[in-house]
Amino acid sequence: MDEFGPHDLASYLLVAVVLFCAGVLAVATRRNAIGVLIGLELMLNAAALQFAAYGHFRALPNDSQGQTAAVFVLVVAAAEAAVALALLFAVYRTSKDIDLEQTQELGS
Amino acid sequence: MIEQLLFLVCAGAAMAGAVGAAVVRNLFHAALLLGLCLLGTAGLYLFLQQSYLACLQVVVYLGGVLVLVLFATLFSADVRGAVQRTPVWLRAVGGLGALLAAGIAVQLARAVVAHGKNLLPSRRDPENTPDAIGGADAIGDLLVGSWLVPFLLAGFLLTVALVAAVATVRRFRRPLEASRG
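Residue numbers (our numbering), protein chains in the order written: chain C, 1 to 108; chain S, 109 to 289.
Incomplete in silico selection of chain C near chain S, CB under 7 Å:
#: 1; residue: VAL17
#: 2; residue: CYS21
#: 3; residue: LEU60
These aren't lab readings, by the way, just hints derived from the structure by calculation.
Backbone N, C-alpha and C define an ideal beta-carbon position, used for all residues, glycine too.
Take these sequences, add in the hints, and give me the full structure.
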């Protein structure tokens, strides 16, 4: 990388790596289910950013494959957030808290 | 010069928000920092000349997912993180795992940049100038063209996710109603 700027592929990749590592850290260390959910969102966001960056820096004219892949990552993230919220709701109903260490079962 | 400065602001917001969301103890603050990270990423999409993707990021992530996460913080009995301390060994293991992930990701990126076909390490004058709405029509052409099967699968996934979410919540309502009645 010669410079950290908007015209360099490596700078986008560096941002994506930092985002992904923050997501791994959150998923590994958080005891609360919402913290884990935030980590998952960070990792998906890093993946979408990598898709978009590689798509932009391809040498083909009028190429939108990377953007389209990033749109699919967004769709998966939205579906995952909806299911995760439903699971949190179910866990909360049974145990009145969403501590992952204490949770033993989903429901009665 | 000002472009460089704006890029630094966006990239810094994304990275600072991500690291903050991972380590801040208060969960509500972590969710807000996640919003900062998502906003910075939307700015980076603008630098990649993908304004449609940036709009989608703001609408879907900031408007949908972040609101869901903020709503979910209401379920936690310990939003401030006063009770649920993470043990030191788990922090160490998590940091080690993050470093390992960073190493793997950096090596993968270097391999792709070195050997990727049709990949430019840097470009200043892209010959494919996007249209006024940031390539939305190109994405639409691809969605009903070569990406048709993933597109249909994404629709199926969304349907299944919605039905599963409703079914998961409803299944636990019945015993409560039965115990009341």
